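Top line first, the protein sequences correspond to chains A and B.
Here the numbering used here is used: position 154 in the first sequence is 392, and no number is missing along the way.
Here the numbering used here is used: position 80 in the second sequence is 66, and no number is missing along the way.
No lab work stands behind these hints, which were simulated from the structure alone.
Be a bit skeptical, because a hint or two may be false.
Said to hold, decoys possible - Here are a few chain A residues that sit away from chain B, every Cβ distance over 12 Å (derived from the structure):
1. S240
2. V263
3. Q388
4. V404
Claimed, not checked - Covered stretches of chain B (chain A as the covering partner; in silico rule of three or more C-beta atoms under 8 Å from a C-beta of chain A):
5. 74 to 83
6. 290 to 299
7. 338 to 351
8. 416 to 424
Claimed, not checked - Now the in silico label distances, taken between C-beta atoms and shown as ranges:
9. A:E333 with B:V320: 19 to 27 Å
10. A:G321 with B:L(-7): 54 to 62 Å
11. B:E146 with A:G261: 52 to 60 Å
As the structure is a prediction and not an experimental result, all values here were calculated from the model.
Note that CB positions come from ideal geometry on N, CA and C, so glycine has one too.
Letter by letter, the chains look like this.
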Amino acid sequence: MSSRASVAARVAGVIGALGYLTGMVDGPVLGVLAGLALVTFGRALVSPTGAELIGPGAFGVMAGAAGAVALRWGTLDLGDIRGIQGVLGPTVAVEPQAAAVMAAAALGAATIALGLWLGPAPHGGPVRWWWWLETSTGALLLASLFVGPQATDLLTVLTWLGSAAVIGLSAIGIRKALGSRSVSVRLAVVGLCAAVVSAAAAVIGSSA
Amino acid sequence: MIPVVILGNALLGLLCLALAGAGGGARDKACRWIAGAGIASGLGLVIFRSSLGAWRGFDPGVEVAAVAGLAVACSWGLVIALELGDSRWWIGGLVAVTSSSLVACAASVWVVPALLFGIPLFAATQLAAARTARTAWLAFALADAGLIAVLVSDSVSRGEWSAPGPMTGWLVIPLMVSSALRAGALPRVGTLGTVGRVAAALGPLSVGLSIVVVLRWVSRPQPAAAAVAVVIALAVVACSVLRRKLDPAVVGAWPVAFGGALVLASEAAGLPAAAAAIIGCTAIILWPAALERGRLSRGFVLSGVAPTIAFGAIATAARDAFAHATAGGLGSEVAAWIVLAALLPVASAAGVALGVFAARAERSGGYHPEAVFMTWVLAAGSVAAGLLLGADAVYGVLGGVPAAILFAVAIAFGAVAAARTDAVRTDPEWVSAEVLSTPPALIGRWVGAAPLVVGLAAVASVAWLTIKGLEVGFL
């Protein structure tokens, strides 16, 4: 039963999140997080005992990073966040310097969290393909928040997808590097990432 | 509809009491039919909440009617689903009295009738608790006395007989503490003190009353109080999950405290948050009777993930907290909004963690088919409530109708994918948490004196206010 519920939650979550990320539905970043929360629930239902907290913890870091970016631009609307970046530049590169630096730190922490959230890649079968889709969804969220402009022409689409590819591949690299570590170490890394995102949100909030 | 619910539930109570002398099996069956009628009355109140209108001195708002109706329906559902044995008839009678009184008290536009209708409600919950859980009895007595004291003192200080509007100032504090004590926003307190006992069937009504009190008489938003409630909820989840021990009487504080926090944080989130709190608390009450099955549905309800009504409340409160936090300015209120806005993503993740642990909890223990069935009904209800309470309750903040269509399509695809997946029996080693059933604190009979004294003082103050009302010709 849990395996079926896990699949249902993961499929529904990814479709929901991609609906917002691809612009099919205009709405706040909360919609993407709603989808990712469902995916997290589904993945954690079947994760090994002891490691169930890593997924929700990493999801919390990504949600916090989304909050920090929303604080930076004063809006929760995903389209607005991407539109502002299309005019002013990526969140990680727009002054004031302290906000830009901390945004970059938050992006780094969120990428590490994405790597831990992914967990081990399943061997073979449709689940493996779905795992890649989940990776892409997480990477597209971070790219939309920190780099990606609104997709208006080929260049902006390539910028968005390219940055998502870099983030996604970095997350996979981090997953490989940390995947063999003990649960305690991985949880400690999640905690560290949460601290970085909190600090980033505080700095960004004070400079907004 | 209002007189139908008030008088109808009173009639159902009389029918339950009339069954006292009947034989065991027939009495049980009749009680379940009566409970079915009670559920219909509660759902009727929810469905027709917008077209109720005023009737004599009763005029519930849309929110109050929906909350009271949902609480009535859930409590009657528990009368059917819990293992009440020979107590079903009298618990049914108390649920009927409490339901009737809750609706009358919540809808009354005058303070004296509100208090007079409140007394049977208070007496019924205390009577049920007194027979099974003394600590809960004490908490209920203190909560009731606090509420009565605030209403009486407010009426006297205003010199008016109308029920108060949303209050500000120091009176809000005892009002919120009273609501927290009754609803069980703290582990093992109030409603949570009755979990696993027959008195738990009145739990949704107690939670409903607490939320009605906040909706009607507390000026909202209250960011600082909301932040405190979120911290309490997070502490409960952290303690339970990190210890890998889930005690329903402790974990129950999560839906109640977090739901209460969302009610306090945002006016727009009030109704979905209230619904989430009542549904979550009901699922907790069913837990001891549904340990072996229904774990997944319970986990889903407690997780607060989309598309449950809880996620709608979280998203709405997050939007409002964000708007206040970025509105600019300095001061303690803005600081409270910032803290609240920062806590909500953490709480969202904590809900997912708790949901997973509840879904992967140890599966040995009680198995009562009706309780398992009702847990699944609650899981479906937590999704359906988003539609029943209006699309704005969940999807308004996520983008409106297109968002609702997107999630409907996503769920349909998820269901198809699940149907095409081979079910893999979960490895027994994948159990994440042990479920505890800690007995209530052993308190001597002397504790009964305290609620009796408090209760008598409270009733005396209501009587005094009623006599004053009669003297000026109000009544």
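Structure-based check of all given hints:
Remark: the non-interface label on A:S240 conflicts with the geometry, its nearest Cβ contact in chain B lying 5 Å away (cut-off 12 Å). With a cut of 12 Å on Cβ distances, A:V263 falls inside the contact zone with chain B, its closest approach being about 5 Å. For A:Q388, the shortest C-beta to C-beta distance to chain B comes to about 16 Å, beyond the 12 Å cut-off, and the non-interface label holds. Every Cβ of chain B is farther than 12 Å from the Cβ of A:V404; the closest lies at roughly 25 Å, confirming the non-interface assignment.
For a cut-off of 8 Å, the count of residues in the stretch 74 to 83 of chain B with a CB near a CB of chain A stands at 0, and the three-residue condition is violated. Coverage of the stretch 290 to 299 of chain B by chain A holds [criterion: at least 3 residues with CB-CB distance below 8 Å; count 4]. Residue count for the stretch 338 to 351 of chain B with a Cβ under 8 Å from a Cβ of chain A: 7. That meets the three needed, and the coverage hint holds. Interface restraint, the stretch 416 to 424 of chain B with chain A: holds (3 residues with C-beta to C-beta distance below 8 Å; minimum three).
Between A:E333 and B:V320 the beta carbon distance is about 24 Å. The supplied range of 19 to 27 Å therefore holds. With their beta carbons about 57 Å apart, A:G321 and B:L(-7) fall inside the hinted range of 54 to 62 Å. Our hint of 52 to 60 Å for B:E146 and A:G261 holds, since their Cβ atoms are close to 55 Å apart.
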